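Protein chains: 8
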Amino acid sequence: MIPDNLRKALREFKEGAIGEEQILDLLRDLPYQNLDFAKVDHHRALRHGFPEVIFGKGKTADQIEGIGVALLAKHPNLLVTRATEEAHERLKNRFPECRYYPNCGALTVVREFKNHGRGKIGIFSAGTADIPVAEEAQVTAEAMGNETHCCYDVGVAGLHRILSQLDTLRSCTVVIVAAGMEGALPSVVGGLVDLPVIAVPTSIGYGASFNGIAALLGMLNSCSANVSVVNIDNGFGAGYIASLINRKQD
Amino acid sequence: MIPDNLRKALREFKEGAIGEEQILDLLRDLPYQNLDFAKVDHHRALRHGFPEVIFGKGKTADQIEGIGVALLAKHPNLLVTRATEEAHERLKNRFPECRYYPNCGALTVVREFKNHGRGKIGIFSAGTADIPVAEEAQVTAEAMGNETHCCYDVGVAGLHRILSQLDTLRSCTVVIVAAGMEGALPSVVGGLVDLPVIAVPTSIGYGASFNGIAALLGMLNSCSANVSVVNIDNGFGAGYIASLINRKQD
Amino acid sequence: MIPDNLRKALREFKEGAIGEEQILDLLRDLPYQNLDFAKVDHHRALRHGFPEVIFGKGKTADQIEGIGVALLAKHPNLLVTRATEEAHERLKNRFPECRYYPNCGALTVVREFKNHGRGKIGIFSAGTADIPVAEEAQVTAEAMGNETHCCYDVGVAGLHRILSQLDTLRSCTVVIVAAGMEGALPSVVGGLVDLPVIAVPTSIGYGASFNGIAALLGMLNSCSANVSVVNIDNGFGAGYIASLINRKQD
Amino acid sequence: MIPDNLRKALREFKEGAIGEEQILDLLRDLPYQNLDFAKVDHHRALRHGFPEVIFGKGKTADQIEGIGVALLAKHPNLLVTRATEEAHERLKNRFPECRYYPNCGALTVVREFKNHGRGKIGIFSAGTADIPVAEEAQVTAEAMGNETHCCYDVGVAGLHRILSQLDTLRSCTVVIVAAGMEGALPSVVGGLVDLPVIAVPTSIGYGASFNGIAALLGMLNSCSANVSVVNIDNGFGAGYIASLINRKQD
Amino acid sequence: MIPDNLRKALREFKEGAIGEEQILDLLRDLPYQNLDFAKVDHHRALRHGFPEVIFGKGKTADQIEGIGVALLAKHPNLLVTRATEEAHERLKNRFPECRYYPNCGALTVVREFKNHGRGKIGIFSAGTADIPVAEEAQVTAEAMGNETHCCYDVGVAGLHRILSQLDTLRSCTVVIVAAGMEGALPSVVGGLVDLPVIAVPTSIGYGASFNGIAALLGMLNSCSANVSVVNIDNGFGAGYIASLINRKQD
Amino acid sequence: MIPDNLRKALREFKEGAIGEEQILDLLRDLPYQNLDFAKVDHHRALRHGFPEVIFGKGKTADQIEGIGVALLAKHPNLLVTRATEEAHERLKNRFPECRYYPNCGALTVVREFKNHGRGKIGIFSAGTADIPVAEEAQVTAEAMGNETHCCYDVGVAGLHRILSQLDTLRSCTVVIVAAGMEGALPSVVGGLVDLPVIAVPTSIGYGASFNGIAALLGMLNSCSANVSVVNIDNGFGAGYIASLINRKQD
Amino acid sequence: MIPDNLRKALREFKEGAIGEEQILDLLRDLPYQNLDFAKVDHHRALRHGFPEVIFGKGKTADQIEGIGVALLAKHPNLLVTRATEEAHERLKNRFPECRYYPNCGALTVVREFKNHGRGKIGIFSAGTADIPVAEEAQVTAEAMGNETHCCYDVGVAGLHRILSQLDTLRSCTVVIVAAGMEGALPSVVGGLVDLPVIAVPTSIGYGASFNGIAALLGMLNSCSANVSVVNIDNGFGAGYIASLINRKQD
Amino acid sequence: MIPDNLRKALREFKEGAIGEEQILDLLRDLPYQNLDFAKVDHHRALRHGFPEVIFGKGKTADQIEGIGVALLAKHPNLLVTRATEEAHERLKNRFPECRYYPNCGALTVVREFKNHGRGKIGIFSAGTADIPVAEEAQVTAEAMGNETHCCYDVGVAGLHRILSQLDTLRSCTVVIVAAGMEGALPSVVGGLVDLPVIAVPTSIGYGASFNGIAALLGMLNSCSANVSVVNIDNGFGAGYIASLINRKQD
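Protein chains in written order, with the numbering used here: chain A, 1 to 250; chain B, 1 to 250; chain C, 1 to 250; chain D, 1 to 250; chain E, 1 to 250; chain F, 1 to 250; chain G, 1 to 250; chain H, 1 to 250.
Quick caveat, the hints were computed from the structure, so don't treat them as lab data. Treat the hints with care, as some may be off.
[To be verified] As a list, the in silico PhoX-like pairs of lysine-lysine whose alpha-carbon atoms are at most 25 angstroms apart:
hint	chain 1	residue 1	chain 2	residue 2
1	A	K120	A	K92
2	E	K8	E	K114
3	D	K57	D	K14
4	G	K248	G	K120
5	A	K59	A	K74
6	B	K8	E	K114
7	H	K120	H	K14
8	F	K8	D	K8
9	G	K120	F	K248
10	F	K8	D	K14
11	C	K120	C	K74
12	B	K14	E	K14
13	G	K74	G	K57
14	F	K120	G	K248
15	D	K248	E	K8
16	G	K120	A	K8
17	B	K114	C	K248
18	C	K248	B	K120
19	H	K120	H	K92
20	B	K59	B	K92
21	C	K114	B	K248
22	H	K248	A	K114
23	H	K248	H	K114
24	H	K120	A	K120
25	A	K59	A	K8
26	G	K59	G	K92
27	E	K8	B	K8
28	G	K57	F	K248
[Stated by the list, open to error] Which stretches of chain B does chain A cover? Using the computed rule of at least three CB atoms under 8 angstroms from a CB of chain A, they are:
hint	stretch
29	7-15
30	132-144
31	180-186
Note that the structure is a prediction, hence the values are computed from the model and not measured. Cβ atoms here follow ideal geometry from the backbone N, Cα and C, with glycine treated the same way.
With the rest of the complex left out, here is chain A:
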């Protein structure tokens, strides 16, 4: 989408209607004024096949429906995070492919699925209470065209649970680990496999867990060198990054 006024000015310059200094003056501010045309193009190339994403929190069902319909007019797929049941009702009426995940509030419309992944994304949670966060990661990863392997409630107090998953862990390209309380699972997983591990601290816990701070600090100080961390309860971010890591290169 080259802006019309730029084309027009170039033609006027070519025809001599405006001089070299005039066209240079115009171009001087181009970087800022018309950045959109360059940006959009670039994004199209990079994001091909990824769904559009709406952050649903704080948006009304009306707003989500409106934005969703607009996006789905141009793109095959849509992901809404932290949406309400009501937003689901609205979109389901218009798009039968609409699917809702009540645990985490994610909502997808996937009309055209293509596997963009080099391999599988592993998603693990320490406790059952961490599942909504892990599920947000899962829905995100799947909506972005990945195969996932999910396994929940495998915290370090019963080590045999995660150890029994070793084969699966080894077969992934990247691993997401959600944990609250002391947040120790990513370190243990990070020691078992030589893959990028994305740690998601959750706000699960009480007292000195300080709504996820204990888990966050634990993960940032992981003695396993392959662990990086996202914000507390940010399952979406973990799923998004894992998808970028797992992305097949064209």
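Using the hints, position chains B, C, D, E, F, G and H against chain A.
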């Protein structure tokens, strides 16, 4: 050590030199004024066989020598924590049994050893940098008449290291675990054995470890129910508590 | 529960159906894949006589009933922490031994009581508002087969209250102390007895108590060497650890 | 010290040299411009007999000598807090009454002592390491004309120590309590006497004492209603406030 | 209230029914076991004329009524802090002198007023939103037999407001200052008068006030040496301490 | 408004009814006692044309109506921040010029508009969720007689959005930037223009945003030297300061 | 400085050597690739007359000399913040106009002074220890072409000191206030004048000042609406922003 | 490396020397006791071609030399982080390929280089002071067989600097961004490319940067969904994770 003035007053009361109200007046304040005689007696019974302890930090070699000599005149054994090499020189000259542990600064004079333990105290550290803290626990536990089993550098990033210690872990009465950084080892150990686990966060780490806060929070939020926690770098406290837990009942 | 495929493979190896390298290949991954059989066995031995525990918070009455019934099919006793009155109704209908403690939300089914303790567990609280946390410790300790001595509202602002409990304190094997606000009671108790003291900070207080942080820090910095600490409001953990400490050795 | 220009203007006004509006204009800004004359007068009345105070930290021996000499030219007594040994040398050469307290760095020149107190100020510390802070309070209180009763190393882990001081405690008008680590002593003292208790948290401790934060929070959350708190290590402030409380009304 | 068993034992000892060692054994534990009799007596002397206090928060109207009736059977006056309107209704029906302060929830029954103060207690608040906390201090001080001078909404952004109170400030014995947000008023007041200033941080504010932490820190770091601090929103404590400071000595 | 008693005293002094020392005594306390007359006058000059402001939070519709009516009797314009819809109803009935901004709760009565600005105030927000805070700044700035340019949802994750605003940015006198989460927009804007940038952290975000702390810290550490910061969510303050900066000098 | 390749491409386009799509492709990435030419030009216009600035901390005398010489080859004036005495020696040898301010480490070379200010910048500090930070602001403001009025040690504990500056305060265009400890001075100043007040918290204080956090929080919560805040000890930023506010519009 | 005792037992079982239950008993504990043999094998496969790593901090030159020589006997390449110049001297004498990076203290011995990367790793820093951290990432990535593109001092206050790198950014597989102060660069970079961005907060800054906390929080709250975070100053971790992401699949 009943105070003399109390004996004297009782005799005077018995002999009629002072009346009932007078002796009652005197007794009214006894709880506060002469508490020592009750307290000391009580302690003697309970602490039988334990060494006297000096907290060496901030004390000069002179002071440690002075207090140490005084204590050793009445008690067979002595433990000094966080002592300097110089304090060691002084006491060694007087007491050939004196032994110094330069890693943690502990110093012991054990002239009469008796095993007071019901079993063995296990002491584990996550990294090599945590060893001084673990060693302070060990020296304390041994000076208090316990057998210890120590095993260092068994952190969760290489799980096989702690797993290979399972038999030893199972054979203890109580376990001490020192760890810095994310402090995950106590949770893992706590899940492997049904024993009291005393977690010691260490100040080892950098950045968001905040000098041991990350490890401390991790341990307080342990998903293993058998973990209790002492202050950052408090190896002495861990060794002391483990000794009380392991204590044989007479 | 040795897995059948392992027995089968050993027999095939003995009979020559598979060679040494083949059986070694199979065993190579055994550590991770079939860990359960070793773990469960080990637990059975250690936990003999202890109740199964459900962390009730965040679970529906339906879920608690379901898990509870399943556990009670195999085990005589059950402990549920932070359960609702509704969960109580459900379990009471099925198990007449079911007992509910509304202050702390604990719920027990004890059909077979055996005293597993070497002695008595003392449980003290600084204020009346700390009682629910202390009670959670008490119910846990009793459900795990211990005799308890409880004494509430004995905070340090009226020292005579805890001092009048000295005889009782001295008669215990281990002491639990729950306190909010400045959390000073464990230090005072720790100075009065040479027993392991498990301090439970509570979230009671206002302003600069920061929901239990002040009490937590106070306890971690106790000048009494025999104090270890659990998470804020974690009465269950304190009761659990005290039970392990008090446990009779078979 | 009524400013001369004010007197002059009033006389001009009386003599008709300036009009009512002019003198009112001048007075309009008087509140701000010439506040000194009111302020100084007020202070003279209130502070009668108190020494002048220099906060020595960060000042050179030269500066302290200079200010000290200037103040002592007009006032009989001087108090310098956190002064160096060198500053002491300088002032001692000029003022033989100069006395230095190396533990806390306080320095006094008291040439005219008058007891301004209604009673005695009690000063207590939990540990020996807290003594420098307590001593700063003591020197301040004494330099301000008070009799003090000091008693150090009476922390709550050995309750008999503070209890044996009950008579003394009861005989004071106000009590200062300095404590580091968990800072529990002010609560205990506050429960023993119905006097104002000024709590001074000290930076003594390690790990989770966070340089006095644990003690500070403990004191702010004291369950004894008669405890107020000053900044960490602020012995001077405690001594100053206690002196104001103890002050005889003329 | 000398305990009967002590009298009895003394008589038996005098009569020779029990020997010297036996009576000494009994006295050995007296400090702890029967502390009440000494304590209560002491309190009676010190607290003479002060009301009994109930901390109403978290207590039901039933409980407050029950405790209140019991206390008022023995004491003329009562103070309840943080009580509900319902508790007020209950006590009013029984005691016509009952008075309720809905802003702060304080409730008093004063049947016998005697002025215990040496002078007047000044109570100031920075904003109108701080009034409930200031009022709690006022009601406490008045119920404890003091005359108060209250002046609200005199924060430092309009300095003339507090400056116009100078005469009043100077006429007090002790000053209470309640302030939220940046908590600067106590420093300003502390600079204007040489009296003890008790600063009460309030939780008023938003954002980086962190529910009173900003005000608390400001007050602890006051550049005026005569400021001491109580917990956030602790109007009762401020009123209590001010009453102790203002107390007439008999 | 020179106070009558001052005029009276001056006249008495002139007439000789009172002497020089008497009038000086009276003036001595004038700074504090009658400061109002100087203050108000000063304010009138400086604030000319600015609306009166009521902080609506925590005030009832009744109170806002009452204060508002009183202020509007003397001043043409009024600004109420954080007012309720109900307060709006009340004032609208009396003042048809009343306008309400439901996003941020601001309410204005502007009956006399005069442009006091030297230029335009730019107001930008990073996300749509930050708009209420930005809008509070806008309403404040406009009610204080400024022209504003507002542009919302131009956060740094899509840089082209803010870059396309460069011309507008450059045309302002001062810029307000509201942002939550990582709060990076003020740094970017600060690098694009050499104008004063007032950064407003918002409480928008979740997890480690800690209700605006992350944004606040980010802004305080801005690598652009032209950024100063106000409290979290303090749109009013930002609008007020920007108005002072933009103010035309008479 | 239009990049040569752009001029060349435009000429080729005009001459038909490259087509419209080709030149558009080239321009598409221009926003990012050649931004410098637009940026520099823009800055030249805005910053006219301002000195170049080097942040000296962490740079060697060699580096500062090198960068300084390069900048002074093109610009008349230079400001270096946090420079060492050694860097001063170096630059002084080359530029006789070089001036060093040892308190704050600022260093200026001003060879061409022009007053860019609309008025005067007021700079105030609460204590003498805050002077280095205030001085950094002063040197910055003066090097940027402003007249300043500085007044130090006017903290709120002696209110008459700042009040006596009222006339000066009122005569400024913008005011900078540096304060440590409780940081109350900006609020008081903000209440006295209706000017933009830039508050600089300093790290001066001890204990609960937490190296400037107490002052920072105090200032962010100022009850005066005209106060904005910069980072702790950031005198340079305050001077820079004040210069932008005071800047004469051409 | 199958342990000998396992082979021996299997043979004894085959030969009937031990029975089925006996061999099962032995295998029961195998998971824990002999985990090494499985673990090592697994690591060999995964880590093929990666250097061995020594964390140099706190290790003496002697220790680093010793471990380094041992590792280099079995592996071609070595990476030591945070090593001293002295350790470099030692290893250089033995291994001529040894190379030292004094900025960050990294040290490599690369004797066999193979490119393991799918593409290029981009490494960017916001300021020059962040370079040591960025360089640690670079050395790590290169030692692990990657091609890097590094570009430093491209912070957001001068946006044109990072924008001019757009082509390079787009050509990478994964991007590392190191930034201190407000840590805004990762968000801006994350918005420009759809690649995994690994953010490294650095401890660069002063005042409210709190040694990297401000940058850390900024990055965790990034509005760009593709940003994950490692510990403060953890350049090694960032380089390690980027290498895993960039790793060619065999």
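For each hint, the structure was consulted:
no.	hint	verdict
1	K120(A) / K92(A)	29 angstroms, violated
2	K8(E) / K114(E)	40 angstroms, violated
3	K57(D) / K14(D)	51 angstroms, violated
4	K248(G) / K120(G)	11 angstroms, holds
5	K59(A) / K74(A)	21 angstroms, holds
6	K8(B) / K114(E)	45 angstroms, violated
7	K120(H) / K14(H)	54 angstroms, violated
8	K8(F) / K8(D)	20 angstroms, holds
9	K120(G) / K248(F)	16 angstroms, holds
10	K8(F) / K14(D)	13 angstroms, holds
11	K120(C) / K74(C)	28 angstroms, violated
12	K14(B) / K14(E)	5 angstroms, holds
13	K74(G) / K57(G)	23 angstroms, holds
14	K120(F) / K248(G)	16 angstroms, holds
15	K248(D) / K8(E)	47 angstroms, violated
16	K120(G) / K8(A)	50 angstroms, violated
17	K114(B) / K248(C)	23 angstroms, holds
18	K248(C) / K120(B)	16 angstroms, holds
19	K120(H) / K92(H)	29 angstroms, violated
20	K59(B) / K92(B)	17 angstroms, holds
21	K114(C) / K248(B)	22 angstroms, holds
22	K248(H) / K114(A)	23 angstroms, holds
23	K248(H) / K114(H)	11 angstroms, holds
24	K120(H) / K120(A)	23 angstroms, holds
25	K59(A) / K8(A)	41 angstroms, violated
26	K59(G) / K92(G)	17 angstroms, holds
27	K8(E) / K8(B)	20 angstroms, holds
28	K57(G) / K248(F)	38 angstroms, violated
29	7-15	violated (count 0)
30	132-144	violated (count 0)
31	180-186	holds (count 4)
Going down the numbered hints, you'll see the structure goes against 1, 2, 3, 6, 7, 11, 15, 16, 19, 25, 28, 29 and 30, while the others check out.
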